[in-house]
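Numbered by my numbering, the letters in the first sequence go through residues 6 to 841 in order.
Hints were generated in silico from the structure; no laboratory data involved.
Only a predicted model underlies this, so the values are computations on that prediction, with no experimental measurement involved.
Honestly, I wouldn't trust all of these hints.
[Said to hold, decoys possible] Restricting the straight-line Cα-Cα distance to at most 30 Å, the calculated cross-link-like pairs of lysine-lysine (BS3-like) are: (1) Lys-602 - Lys-634; (2) Lys-318 - Lys-404; (3) Lys-721 - Lys-834; (4) Lys-556 - Lys-813; (5) Lys-149 - Lys-40; (6) Lys-435 - Lys-251; (7) Lys-170 - Lys-251; (8) Lys-501 - Lys-251; (9) Lys-193 - Lys-149; (10) Lys-787 - Lys-809; (11) Lys-396 - Lys-322; (12) Lys-165 - Lys-193.
[Claimed, not checked] Derived DEER-like restraints, expressed as beta-carbon distance ranges: (13) Met-636 - Asp-729: 33 to 43 Å; (14) Asp-63 - Ser-134: 48 to 58 Å; (15) Pro-433 - Asp-839: 57 to 67 Å.
For glycine and all other residues, C-beta sits at the position ideal for the given N, C-alpha and C.
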Amino acid sequence: MAMLGSVLLPSPMVLASEGIKKVTTTSSSPIRPLKNCKTVDQLKMFHRSLAKQGLENDVSSITKLVARSCELGTRESLSFARELFDSKGNGESYGSRFMYNSLIRGYASSGLCEEALSLFLRMMVDGISPDKYTFPFGLSACAKSRANRDGIQIHGLIVKMDYAKDMFVQNSLLHFYAECGELDLARKVFDEMPQRNVVSWTSMICGYARRDLAKDAVDLFFEMIRSEDVRPNSFTMVCVVSACAKLEDLETGEKVYAFIRDSGIEVNDLMVSALVDMYMKCSAIDTAKQLFEQYGARNLDLCNAMASNYVRKGLTKEALGVLNLMMESGVRPDRISMLSAISSCSQMRNILWGKSCHGFVLRNGFQNWDNICNALIDMYMKCNRQDTAFKIFDRMSNKTVVTWNSIVAGYVDNGEVEAAWETFKIMPEKNIVSWNTIIGALVQESMFEEAIEVFRSMQSQEGVNADGVTMMSIASACGHLGALDLAKWMYYYIEKNGIELDVRLGTTLVDMFSRCGDPDSAMSIFDSLTNRDVSAWTAAIRAMAMSGNAKRAIELFNEMIEQGLQPDGVVFVGALTACSHGGLVQQGKEIFNSMEKVHGVSPQDVHYGCMVDLLGRAGLLEEALQLIKSMPMEPNDVIWNSLLSACRGQGNVEMAAYAAERIQVLAPERTGSYVLLSNVYASAGRWNDVAKVRLSMKEKGLRKPPGTSLVEIRGKTHEFTSGDESHPEMPRIEAMLDEISHLGHVPDLGNVLMDVDDQEKRFMLSRHSEKLAMAFGLISSKKGTTIRIVKNLRVCSDCHSFAKLASKVYNREIVLRDNNRFHFISQGKCSCNDFW
DNA sequence: TTAGGGTTAG
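Go ahead and model the full structure; you've got the sequences and the hints to work with.
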């Protein structure tokens, strides 16, 4: 805290230097030679000395003075040059070609591109034709200001005036096309050059590196060093290093660094920054730190590279530490440094430090830079200071897509999805980040179908292409919906569009396919993944566990350990769940006992929950209860619920009542426990107790959540709610249900938790959501296709046997996912062996 | 004469 304080509350040294303008020397020093003049005052003095020598109208002298003035490249020196240029000497304009060239170059290199281009135009109007020097300056101005049309016109002029064979002109054209994103045209210029120098190669390599074509940049670099007619210099190497950073390719990066050292290319400040950035992006943080320490904290750009990478990795304290170090070494943070600082505060949701940063920004005049405004808006939104965020937003004259995205993301962060959506709708321009933000928000809010809907409308937008982030959200939505057709289409989409299948996206896809009841696809994706981390293994273990293949799940778990990965708490949940579903009591116990002893992972309540579940399902109720009592932490309602549901399976009414009592104390709002308890009583025929439980629910204003089932037909999901007959196809669904009933299905009336007559019970059972979905699936899909149903609650045993019968009679595979696991039902048999 | 890294939002 103390360390960070000095970043945010500037030290006395910084305060003293702030706000004090540089004092310019006005002492009467002797007249310097022109090449030594470094300030406008010195130039003006030189100009006065010309007058004393009677040379104030001498074209040659004035031309040299203008050239020097332009070389300095400050706003003041450029306007002084322009003043001289506009004045007349001996009744004649000073506008020689050389002067035009000097000024155009000066304007272009200081970023005053409009001035440069308007002077280019005036030059021609004045009847002075551009030459081989004018064209590169003009094109440089076009490249910088993305004046694409002007650049193309200049190209025409170059051809017309026969300058197209000049290497410098060709290099400038190449650079211009690369900068405005026309890489193919740039490459055409490059390929057709009869001779190339280091600038030609560097411009082409850099063009690729800057346009997400880093691979091409690296390839071209290796081609360059093979060609041997030209050697790379530090300009080239900075580009190549940055390309390796973008590729996150450490191996090539190290080769490139070795090349730099071997060939004695100067490692300047810019190169060190590029190298540090490369090592950070490749996650070689220690190497980056070594370089950083070697070259010191006095280098502003280096500090910025380090800080921004720390921020990207979420290492906010380290980022602020670098900024702190800079200040201590007397290096003043610039606006780039402040972007990292503000972003750190935003990530930490630290409004106090964020405000300090804002203060620093204001004191140093950075507040008019769009990027700083965007970062501040993001910070204030994330810190829940929307008013301040909007004040900055309203004052911005140049709101970009990033500005709008910050607002949308801020709303999402605050859980205001509605406001995010409204903002998203009205924003003038949307990019992939905007779409990903809103899609991610919908998925987060469990609005899966809406998320997919938005994704579909995104695809009709020109210039917006889904990326890995989009696909992760959509995969998650598909998984929750259990929509297999959609999931398959998505996988195809990823392949077709060349979206990189990295380990994160891969893991999401494994999860998606396993949730959609397609463990084979899940495993084939898992097999194809390189660099599998613990999350990837967890997804595969879960896939096997959910599909009832407990043995394979445990094999995978062991393979993971053999490969030397350190298991975390999450993967143990997967492994224990597998044991529980497969009834592997002994293996479950062994894994549970190994957690702390072998792997140093202390079991959390969730792991105890898995064990209670495992023991309970295996009928070891007493042992499960003892385990609960031995827990080092207070058992939560979920654990008691596991016990309760085991009691239901075993018909242990007393222990069920005890567990239910505990749950009602710990989580009185938990409806499931009441339902389970009344279930236990109903199975035992204790209708009075059932009635008591129902009354107690009613008194507390609790209602059993309605059962709902989804069924996917030709890529569209249909939702059914228990007892709801509003579906337009209801008459046909009813006919289907009747047909199955007449085929010999004997309703298991014990599933009806109400004391009504048997006919009524039969009717209620026939309107269970999974039955409605099943019947609809049978009548609306082609013969032989698999019917996939996702239910929000547990599948009832009557529906389970109903599904088994239907699978046999109609020769259909039925995949039923409930809130706990999958049932793969085929030819009258279920993968769960009627034990779930 | 021409060429260079890092820069906020998911």
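Structure-based check of all given hints:
1. Taking the CA atoms of Lys-602 and Lys-634, the gap is near 21 Å; set against the 30 Å cutoff, the hint holds.
2. Of the supplied pair hints, the one linking Lys-318 and Lys-404 holds, its CA atoms being roughly 27 Å apart against a limit of 30 Å.
3. Our distance criterion of 30 Å between C-alpha atoms is met by Lys-721 and Lys-834, whose separation comes to about 27 Å.
4. The hinted pair formed by Lys-556 and Lys-813 meets the criterion: a straight-line CA distance of about 27 Å does not exceed 30 Å.
5. Between Lys-149 and Lys-40 the alpha-carbon distance is near 28 Å, which keeps this suggested pair within the 30 Å criterion.
6. This hinted pair checks out: Lys-435 and Lys-251 have alpha carbons roughly 24 Å apart, not beyond 30 Å.
7. Restraint check for Lys-170 and Lys-251: the C-alpha separation of about 34 Å exceeds 30 Å, so the hint is violated.
8. Between Lys-501 and Lys-251, the direct Cα distance comes to roughly 23 Å. Compliance with the 30 Å bound is thereby established for this hinted pair.
9. Between Lys-193 and Lys-149 the CA atoms are separated by roughly 21 Å; this keeps the pair inside 30 Å, and the hint holds.
10. The straight-line distance between the Cα atoms of Lys-787 and Lys-809 is roughly 19 Å, inside the 30 Å bound, and the hint therefore holds.
11. This hinted pair checks out: Lys-396 and Lys-322 have alpha carbons roughly 28 Å apart, not beyond 30 Å.
12. With a CA separation close to 19 Å, the supplied pair Lys-165 and Lys-193 stays within the 30 Å bound.
13. Distance hint check: the CB atoms of Met-636 and Asp-729 are about 42 Å apart, consistent with the given range 33 to 43 Å.
14. Distance hint check for Asp-63 and Ser-134: the Cβ-Cβ separation is about 25 Å, which falls outside the suggested range of 48 to 58 Å.
15. Restraint check, Pro-433 to Asp-839: a C-beta distance of roughly 59 Å satisfies the suggested window 57 to 67 Å.
The structure is inconsistent with the numbered hints 7 and 14, although it conforms to all the rest.
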